[in-house]
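Visitor: Line order of the protein sequences matches chains A and B. Mapping to our numbering: the first sequence position 25 is 48, numbers consecutive. Mapping to our numbering: the second sequence position 75 is 108, numbers consecutive.
These aren't lab readings, by the way, just hints derived from the structure by calculation. Note that the structure is a prediction, hence the values are computed from the model and not measured. Check the hints yourself; a few may be wrong.
Calculated cross-link-like contacts (lysine-lysine; reagent style DSS-like; alpha-carbon spacing at most 27 Å) [unchecked claim]:
| hint | chain 1 | residue 1 | chain 2 | residue 2 |
| --- | --- | --- | --- | --- |
| 1 | B | Lys162 | A | Lys206 |
| 2 | B | Lys241 | B | Lys285 |
| 3 | A | Lys299 | A | Lys318 |
| 4 | B | Lys396 | A | Lys424 |
Which stretches of chain B does chain A cover? Using the computed rule of at least three CB atoms under 8 Å from a CB of chain A, they are [said to hold, decoys possible]:
| hint | region |
| --- | --- |
| 5 | 161–172 |
| 6 | 380–392 |
| 7 | 438–448 |
Glycine included, C-beta positions come from ideal geometry on N, C-alpha and C.
Chain residues, written in single-letter form:
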Amino acid sequence: MRKIFKTVSILALASCLLHPLAAEEAAKAVFIHGATIHTVTGGTIESGAILIRDGKIAEIGADLSMPEGAEELDATGMVITPGLIDSHSHLGLGPSGGTTDDNEGSNPSTPQMRIIDSIHPTGMAPHENSFRDAVSQGVTTIIAHPGSGNVIGGQSAVLKLTGGSVDDMVLKFPADMKMAMGKKGYGAKGQLPVTRMGVAYVVRQAMVDAQDYKNSLDKYEKKKESDPDAVPPKRDLKNEAMLMVLNRELPVHIHCSRIDDILTAVRLGDEFDFFKLSLAHGDEAWKIADVLAEKGVIVVVGPRMIVYDDNDNLVNLAKVLVDAGVEINIMTDADVVQQEYLRYQAATSVRYGLDPQEALKAITINPAKLIGAEDRIGSLEAGKDADLVIFGGDPFDIQTKVCRVFINGISVFENEQ
Amino acid sequence: MKKLNNSKKVFIFCSILLSLFLTQAWIFAGDSGTVVITNGYIVTVSGQDIDGGSILIEDGIIREVGRDVQVPEGAEVIDASGKWVLPGLLQSSTDIGTGEGYTDRNSDETSSPNTAEMQITDALNPFDKDIKKATISGITSAMISPGRRNVIGGQAAVIKMRGKTAEAMAIKSPMGVKFSLGEGPKDTYGAKKQLPTTRMGEAYVVRKALVEAGEYLAKQKAYEKKKAAGEEAEAPGRNLSKEPLAALLEGKSTAFFECYRVDDIMTAMRLTDEFKLKTVLIGCAEGYKLADEIASRNIPVIVGAFGIGPRRMETQHLSLENAGILAKAGVKVAIKSDEVYGVGSLSELPLTAALAVKGGLDKVTAVRAITLTPAEIFGVADRIGSIEPGKDADIAIFSGEPLHYMSVVERVLIDGKTVFESREE
Numbered sequence: 024m025r026k027i028f029k030t031v032s033i034l035a036l037a038s039c040l041l042h043p044l045a046a047e048e049a050a051k052a053v054f055i056h057g058a059t060i061h062t063v064t065g066g067t068i069e070s071g072a073i074l075i076r077d078g079k080i081a082e083i084g085a086d087l088s089m090p091e092g093a094e095e096l097d098a099t100g101m102v103i104t105p106g107l108i109d110s111h112s113h114l115g116l117g118p119s120g121g122t123t124d125d126n127e128g129s130n131p132s133t134p135q136m137r138i139i140d141s142i143h144p145t146g147m148a149p150h151e152n153s154f155r156d157a158v159s160q161g162v163t164t165i166i167a168h169p170g171s172g173n174v175i176g177g178q179s180a181v182l183k184l185t186g187g188s189v190d191d192m193v194l195k196f197p198a199d200m201k202m203a204m205g206k207k208g209y210g211a212k213g214q215l216p217v218t219r220m221g222v223a224y225v226v227r228q229a230m231v232d233a234q235d236y237k238n239s240l241d242k243y244e245k246k247k248e249s250d251p252d253a254v255p256p257k258r259d260l261k262n263e264a265m266l267m268v269l270n271r272e273l274p275v276h277i278h279c280s281r282i283d284d285i286l287t288a289v290r291l292g293d294e295f296d297f298f299k300l301s302l303a304h305g306d307e308a309w310k311i312a313d314v315l316a317e318k319g320v321i322v323v324v325g326p327r328m329i330v331y332d333d334n335d336n337l338v339n340l341a342k343v344l345v346d347a348g349v350e351i352n353i354m355t356d357a358d359v360v361q362q363e364y365l366r367y368q369a370a371t372s373v374r375y376g377l378d379p380q381e382a383l384k385a386i387t388i389n390p391a392k393l394i395g396a397e398d399r400i401g402s403l404e405a406g407k408d409a410d411l412v413i414f415g416g417d418p419f420d421i422q423t424k425v426c427r428v429f430i431n432g433i434s435v436f437e438n439e440q
Numbered sequence: 034m035k036k037l038n039n040s041k042k043v044f045i046f047c048s049i050l051l052s053l054f055l056t057q058a059w060i061f062a063g064d065s066g067t068v069v070i071t072n073g074y075i076v077t078v079s080g081q082d083i084d085g086g087s088i089l090i091e092d093g094i095i096r097e098v099g100r101d102v103q104v105p106e107g108a109e110v111i112d113a114s115g116k117w118v119l120p121g122l123l124q125s126s127t128d129i130g131t132g133e134g135y136t137d138r139n140s141d142e143t144s145s146p147n148t149a150e151m152q153i154t155d156a157l158n159p160f161d162k163d164i165k166k167a168t169i170s171g172i173t174s175a176m177i178s179p180g181r182r183n184v185i186g187g188q189a190a191v192i193k194m195r196g197k198t199a200e201a202m203a204i205k206s207p208m209g210v211k212f213s214l215g216e217g218p219k220d221t222y223g224a225k226k227q228l229p230t231t232r233m234g235e236a237y238v239v240r241k242a243l244v245e246a247g248e249y250l251a252k253q254k255a256y257e258k259k260k261a262a263g264e265e266a267e268a269p270g271r272n273l274s275k276e277p278l279a280a281l282l283e284g285k286s287t288a289f290f291e292c293y294r295v296d297d298i299m300t301a302m303r304l305t306d307e308f309k310l311k312t313v314l315i316g317c318a319e320g321y322k323l324a325d326e327i328a329s330r331n332i333p334v335i336v337g338a339f340g341i342g343p344r345r346m347e348t349q350h351l352s353l354e355n356a357g358i359l360a361k362a363g364v365k366v367a368i369k370s371d372e373v374y375g376v377g378s379l380s381e382l383p384l385t386a387a388l389a390v391k392g393g394l395d396k397v398t399a400v401r402a403i404t405l406t407p408a409e410i411f412g413v414a415d416r417i418g419s420i421e422p423g424k425d426a427d428i429a430i431f432s433g434e435p436l437h438y439m440s441v442v443e444r445v446l447i448d449g450k451t452v453f454e455s456r457e458e
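The task is simple: from the sequences and hints, build the whole structure.
Guide: Structure (structure tokens):
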């Protein structure tokens with residue numbers, strides 16, 4: 024009983040934190056005007072206005088008039104961006120370095136694991152309000168990934184930071200298949216994979232198994248035409264998951280930092296024709312930026328934004344990749360860097376020369392495109408979800424405060440000052 | 034291998050010399066001994082800012098600062114028009130230079146919870162890559178100390194980011210004793226079921242060590258007294274562990290307590306009162322809850338956890354407002370940055386100070402918190418921390434206002450010599 028009460032109060036607390044207004048609020052029209060609006064896909068509108076209705080952006084432009092009955096929000100002198108999207112997060116999965124729920128360490132290949140089954144909807148100790156804190160700094164959507172303890176970690180989810188339960192938060196699931204190169208903990212137990220070539224083999228074998236599974240399914244379908252009593256093959260959750268990768272229905276997201284691991288990820292991508300291959304971290308990706316650009320491999324940069332070359336000179340990873348024509352996302356890897364510091368991650372790259380608009384794209388439209396949700400989020404356009412952030416000024420300036428955050432047209436954060 | 038004739042040998046020798054000269058030229062620029070930084074916006078920290086000011090440097094020492102500095106003949110001139118000129122930044126309480134990478138650190142001798150006898154300079158590698166990386170953000174000096182795993186970690190030091198030996202790098206070594214209360218020692222020894230497995234166990238480790246150091250000190254004093262009186266006396270042997278702790282009891286050295294939670298901060302102050310220690314608090318995530326207690330004891334605080342990286346249980350209630358609240362209560366505040374990634378990382382000390390400003394600390398105090406204030410805390414303000422005649426010529430030239438995120442460090446001098454210069458794009 025006590026446990027049930029505890030659960031109920033946590034859920035109630037969660038909905039208070041993440042859902043401060045009643046559902047009918049979403050239907051209300053809000054008219055925000057006077058701000059500099061970075062639409063991301065349609066340029067910057069000086070002294071522009073946005074009309075929010077039914078949770079969507081109804082109208083956006085320089086010369087809008089306020090409809091009767093709409094709530095007016097004067098944002099003169101402020102800056103509006105789309106809600107920020109963190110392309111790589113472990114939010115709600117427990118503290119990094121502690122007991123986390125994102126690595127099912129019983130087997131190096133666990134594509135059947137679903138990250139939404141591990142997420143706590145407000146965050147966990149020692150950062151119990153991490154979702155609320157993320158929203159308070161303008162993060163409205165995250166891509167939550169399994170960890171990198173396994174070679175194939177499982178299926179990722181796109182979550183909006185509002186809703187109260189994980190199921191309410193899901194914008195898209197499954198979003199991608201998370202894999203990870205580099206040495207794993209299995210070596211210490213004398214289990215496969217002990218080496219880096221063992222890691223590559225785990226992926227290769229999983230793809231071959233999925234192909235076999237596909238063949239048996241095809242065979243059954245064919246047999247069924249002539250034999251109504253044909254017995255279907257036994258369901259295999261692992262192969263079912265990898266089948267989505269094989270059929271190019273799921274993008275593949277691979278953790279790799281060292282150049283050898285990056286090259287292995289790209290090699291596997293070529294070999295199995297991975298759909299929308301993206302690399303997480305890519306600390307040494309600058310060494311083969313041209314190759315990645317040519318192959319259309321996306322790099323999700325972070326949490327390390329600045330790396331150093333062999334002569335200890337500073338390398339602005341995001342800028343070098345963008346200059347070479349590589350599409351980038353920027354991430355926190357929360358809580359390696361806390362979720363709310365996403366805009367400062369981007370600011371670090373801007374500080375050393377990345378174009379601010381490119382940096383903004385890397386935390387808005389680029390991640391939206393990566394997981395195929397650009398029809399709903401990632402930019403400020405009529406028809407898209409009304410997820411937006413009102414900043415007091417330059418979003419990348421350390422001193423700039425977040426004034427207001429909307430998700431699905433509902434005000435989810437308001438600065439008291 | 035073919036034998037080379039003499040002319041070829043000479044040619045190769047000359048080529049090597051030339052290439053050495055070309056690659057190393059920037060390091061030796063300024064070796065003439067006289068350098069003048071002209072026409073910059075000088076933040077002296079100790080006094081008023083000087084717009085359009087110049088700094089005359091001779092033999093690594095600042096000789097003149099002001100608007101009417103004459104450029105001596107043959108001096109190297111560094112034009113700082115439109116730039117902000119600051120004293121080199123001082124990173125407080127870090128283990129920079131004591132390990133390669135993030136896993137192989139040498140700053141925690143975890144064989145015993147009390148290792149007061151350890152000296153951090155014995156773990157210092159002057160060629161560690163992090164030392165050059167630190168200079169890129171304007172850091173010219175650092176207080177390096179043992180980590181937070183041992184209750185009594187050992188002896189700290191203040192070093193410069195320049196020099197081929199620990200001795201050449203040291204400004205002051207040893208400098209104080211590093212203590213740690215809270216999760217660090219408890220987790221380390223608790224896992225082994227050894228003392229201390231609790232917070233009261235940690236306090237006991239400190240108390241016992243200081244009581245024993247007091248007895249050691251009394252023996253030494255008694256011997257000296259007898260000797261001075263001409264009496265026959267047997268000299269007590271040196272005890273390397275008790276010696277640095279005895280210096281704390283005599284008020285000759287400083288106790289640096291790393292602690293985060295309110296209870297640990299209070300324990301540090303309780304021990305301070307009990308043994309009349311000269312104390313500095315490090316980390317102090319919940320310091321804002323005890324600002325008056327800290328202020329009333331005149332204990333300086335090195336604010337260090339800004340919550341950018343993963344939180345521990347003991348840092349979950351940290352706040353960006355910490356530094357601001359402490360400063361307003363009258364506490365002397367220094368700021369450190371030693372997180373692995375992002376704006377809190379070692380190489381972004383000015384941005385960490387900028388975060389404190391976001392939390393309510395005024396800008397002037399924030400700049401002081403990464404220059405002169407820590408220099409005063411470590412007792413090295415006679416040499417570093419501000420731009421004044423007579424001080425070491427450790428200088429960082431910024432492209433703009435130093436705490437703004439778009440300002441970057443363009444040039445760094447240590448002892449009047451350029452150690453970093455940003456490349457033109």
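Visitor: Please list, smallest to largest, the hint numbers that this structure does not respect.
Guide: none
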